[in-house]
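Undergrad: Sequence:
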Amino acid sequence: MSTVHFKAQPVRVDGSFPAPGSQAPAFRLVGGDLSEATLASHAGKRKVLNIFPSVDTGVCAASVRRFNELAAKLTDTVVLCISADLPFAQGRFCGAEGIQNVQMLSLMRGREFLRDYGVAIADGPLAGLAARAVVVLDAHDKVIHAELVDEITHEPDYDAALKALG
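Residues in the sequence shown are numbered from 38 upward in steps of one, following this note's numbering.
I should point out that these hints are in silico values taken from the structure, not numbers from a laboratory. Fair warning: there could be bad hints in the mix.
[As the list claims (entries may be wrong)] With a straight-line cut-off of 20 Å between C-alpha atoms, the simulated SDA-like cross-links for lysine to any residue are:
1. Lys-82 / Leu-166
2. Lys-179 / Ser-78
3. Lys-84 / Ala-159
[As the list claims (entries may be wrong)] Have a look at the derived ranges for each label pair, beta carbon to beta carbon:
4. Thr-75 / Leu-199: 33 to 43 Å
5. Lys-44 / Thr-112: 37 to 47 Å
6. Gly-165 / Glu-188: 16 to 26 Å
7. Arg-146 / Asp-93: 14 to 24 Å
8. Phe-125 / Arg-102: 13 to 23 Å
9. Ala-45 / Asp-113: 37 to 47 Å
Beta carbons are placed, not taken as given, at the ideal position from N, Cα and C, and that holds for glycine.
Produce the complete structure using the sequences and hints provided.
TA: What follows is the structure, given as structure tokens:
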């Protein structure tokens, strides 16, 4: 269990947040075409997991836009944007914003991801959603950077995530 903040109020987050050096837990989420998307679907590539509550908030949308820009410059790396939004809403957002360099994944199925990655908001007004976090994995799914953002209304440290990718 961890504690983060939402508008300066403490919020309990359940699960075990992955530490640098640990092996990333496998997951099964939902892609934009409603197909199953797994960690193994991106075997051999570095991965940036941009985890957030909902693309319908300004900060979450900003993080998707920023990672979309950064993804265009990264080699052998996939950026996976993970939220509770349905694939239909994620698709509308990406279409309206011209987002093409990241892959949106939904927690529509695979809610165990929240606990497995230690981002399950357990109380407060956002209970049931994912806390804001960035987890960077190497090509062998080893965690090389992990940030559980202390204040959900703040953006993650993009520079730290990029630095981990070298």
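Undergrad: Indicate, hint by hint, whether the structure satisfies it.
TA: Here is how each hint holds up against the structure:
1. Lys-82 / Leu-166: Given pair Lys-82, Leu-166 is violated - Cα atoms ~27 Å apart, limit 20 Å.
2. Lys-179 / Ser-78: Roughly 15 Å between the alpha carbons, so the hint for Lys-179 and Ser-78 holds.
3. Lys-84 / Ala-159: Violated. Lys-84 to Ala-159 sits at ~26 Å, over the 20 Å cutoff.
4. Thr-75 / Leu-199: 33 to 43 Å: violated, 25 Å
5. Lys-44 / Thr-112: 37 to 47 Å: holds, 38 Å
6. Gly-165 / Glu-188: 16 to 26 Å: Since Gly-165 and Glu-188 have Cβ atoms about 19 Å apart, the given range 16 to 26 Å holds.
7. Arg-146 / Asp-93: 14 to 24 Å: holds, 20 Å
8. Phe-125 / Arg-102: 13 to 23 Å: holds, 19 Å
9. Ala-45 / Asp-113: 37 to 47 Å: The hinted range 37 to 47 Å holds for Ala-45 and Asp-113, with Cβ atoms some 39 Å apart.
Checked against the numbered hints above, the structure breaks hints 1, 3, 4 and satisfies the rest.
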